[in-house]
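K.L.:
Following the hints, position chain B against chain A.
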Amino acid sequence: MNVHEYQAKEMLGLFGVPVPAGGLAETPEEAKSVAEKLDAATFVVKAQIHAGGRGKGGGIKVCQSAEEVARAADEILGMHLVTHQTGPEGKLVRKVYVEAATDIARELYLAVVLDRGAERLAVMASPDGGMDIEEVAEATPERIFSTRIDPGQPLWDFQARQLLFGCGLDAGQVRQGTGLMQGLVKLAQDKDATLVEINPLAVTGEGQLVALDAKINFDDSALRRNPDVAALKDPTETDPLELTATDLGLNYIRLDGNVGTMVNGAGLAMATMDVVNMAGAKPANFLDVGGGADEEMITKGFEIILDDPNVEAILINIFGGILRCDVLAAGVVGAAQKIDLQVPLVVRLEGTNVEEGKRILNESDIDFEVAGSMSEAASKVAAVVGGVS
Amino acid sequence: MSILVNKDSRVVVQGLTGKEGMFHAEQMIAYGTKVVAGVTPGKAGQEVLGVPIFNTVAEAVAQTGADVSLVFVPAAFAADAACEASDAGVKLVVVITEHIPALDMVKAKAYLNARGTLMVGPNCPGVITPGECKLGIMPAYIHQRGSVGVVSRSGTLTYEVVHQISEAGLGQSTCIGIGGDPIIGLNFVQLLEMFRDDEGTEAVCLIGEIGGDVEEKAAAVVAASYPKPVFGFVAGLTAPPGKRMGHAGAIISGSKGRAQDKLAAMEAAGITVVRALGEFGATVAAQLK
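Chains A and B supply the protein sequences, listed in that same order. Residue numbers for the first sequence follow the working numbering, so the first one is 1 and each next one is one higher. Residue numbers for the second sequence follow the working numbering, so the first one is 1 and each next one is one higher.
It is worth saying that the hints were derived from the structure and are not from the lab. Computed from a prediction, not measured in an experiment: that's the story for all the values here. Among the hints, erroneous ones may be present.
If you anchor each label on the Cβ, the simulated ranges turn out as follows [to be verified]:
(1) A:Leu92 <-> B:Asp80: 27 to 35 angstroms
(2) B:Asn113 <-> A:Asp340: 53 to 61 angstroms
(3) B:Pro240 <-> A:Pro309: 15 to 23 angstroms
(4) A:Asp256 <-> B:Gly169: 38 to 46 angstroms
(5) A:Pro309 <-> B:Gly42: 35 to 43 angstroms
(6) A:Gly78 <-> B:Gln287: 43 to 51 angstroms
(7) A:Pro309 <-> B:Tyr141: 33 to 41 angstroms
(8) A:Gln64 <-> B:Asp80: 52 to 60 angstroms
(9) A:Glu142 <-> B:Ala264: 20 to 28 angstroms
(10) B:Gly169 <-> A:Arg359: 34 to 42 angstroms
(11) A:Val62 <-> B:Pro240: 48 to 56 angstroms
(12) A:Glu10 <-> B:Arg145: 32 to 40 angstroms
Think of the CB as a built atom: it goes at the ideal place given N, C-alpha and C, for glycine as much as any other residue.
With the rest of the complex left out, here is chain A:
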């Protein structure tokens, strides 16, 4: 789960990581009032959306007065901010964060990340902050320093020192940075974060370290034991259909095609999208109904697919394992009875209780085409929507 910058900074503050003074605003008036309360001559107004690259898209503005802050907030609030991570339609900005500007002497990069290969948390630091870390990794990999944290161990001081001296900080800054890094690691460990990224970490004119931007990814599987983190979820950041799906335990991603797909398992769902594409049609969505789907979830999944007006046909591809074909079939029949199914349906069933599943479908009065294999399913559905099969 992603959170906004202002939420991430609040969380950093709880773990002793210095962040600039600031406040959240949903109107230009609120933004002005936040600025007036800050003890600063220069301010930064930052759009709060879940995407990077906000500055380039015009979502971050530097202001010299509270009045100017109000004007900047007026421009930013309500805009559809387009960045390299939002897609061409952009994201509606509903909130801005107003901060006291920082006197920046230099910028570093700092991150704690779950390292899948090493099977533990890793800490990374680079003297080249403020830029795209992927570019640094590509062009000058020797300028990224990293260390790993053994399970059950803290980040030891020496590990932080290695990274921070490597970044060229002086002894006083290294002392500050050690505490700061340990705060980041503790945040990751205590709150089940799989990424805590500070880019940039500023060294101020007075030699103080401050986190100017922050990005945190929390482990969705651990939200139940971190209710404070779960409460940070911003429902307006997610497509409403995706949100409904998530509440039901379904994994739905809306796409721009016209073939609705319902599949069990993420890998098979992706492979199904691939074969639909190869057959010359375009999937309207990715929908993984998972292993534990029951009749109600499948009915809802069906409704979510059909809520998308672009859907002209539906392909159901189920290989029953933990999700049994009879459960799926009952869900499809239940959904078709509730909603007036207007689009053609292609069904491919295989796996646990497949005969029972086929019997339930055949004995129902819903109209559908049966496919014996994935390739056949894809070409049948492509033919229906007029693709090349």
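P.N.:
Relative to chain A, chain B alone:
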């Protein structure tokens, strides 16, 4: 011949008395798997499906000689269950449970590694040696005894591939779904090595997907020297960008996780890459027959 499990494997099911645990244990028993014990804390003394239930894995192992564990317990308790099985001395723990917090698995994996316990999963369909031992939730009927090893990151995609291989007239030595979580047990590389040393395996199928870098690592093993034909598939070739892992995760692993890169690495290693999933079984059969 096979890897990991065979007709002599003695299985303890942790969470046997739960709904899913019972459903799948029943199917495993029907398949001929030696399910010798179940563990549910507080339910010792009961018998379910004719299998004795114990409070702890240690008791189950002491009483029944179980040497493999299958974990069906809920996510919040699954990492603990895997560690319990390791402590009790089983050689292999297969974790079916999904949605286990990643940092729980970081700790559990370290615990298992320190004791030399092998793990498959979590969030996986399990392991099957056709005709001998079904240890998991995969539909039994699609499998056939044979000599093709199958390793996959995705559950249902494994079934799809296995089904096609069987339809093409071939069978499988052992099939493993390694699971899709960030922290998992046995990976492509270790399983490739096990299949290399298994006399009953003639060829290996690697079923990957976008994200991470295990396909690239597997390709490196095959490129270095591998005595058996290897077939590869990667799901997500047409997946829209923007769903990949965060930048830092990609950098630390040294891979962008793209399907194109994985397929290119596989091809360069001499792996026979199948792009259209529907043709997988036929491609394997054409080369092996």
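K.L.:
Go through the numbered hints given earlier and state which of them the structure violates, listing their numbers in rising order.
P.N.:
1, 5, 6, 10, 11 and 12
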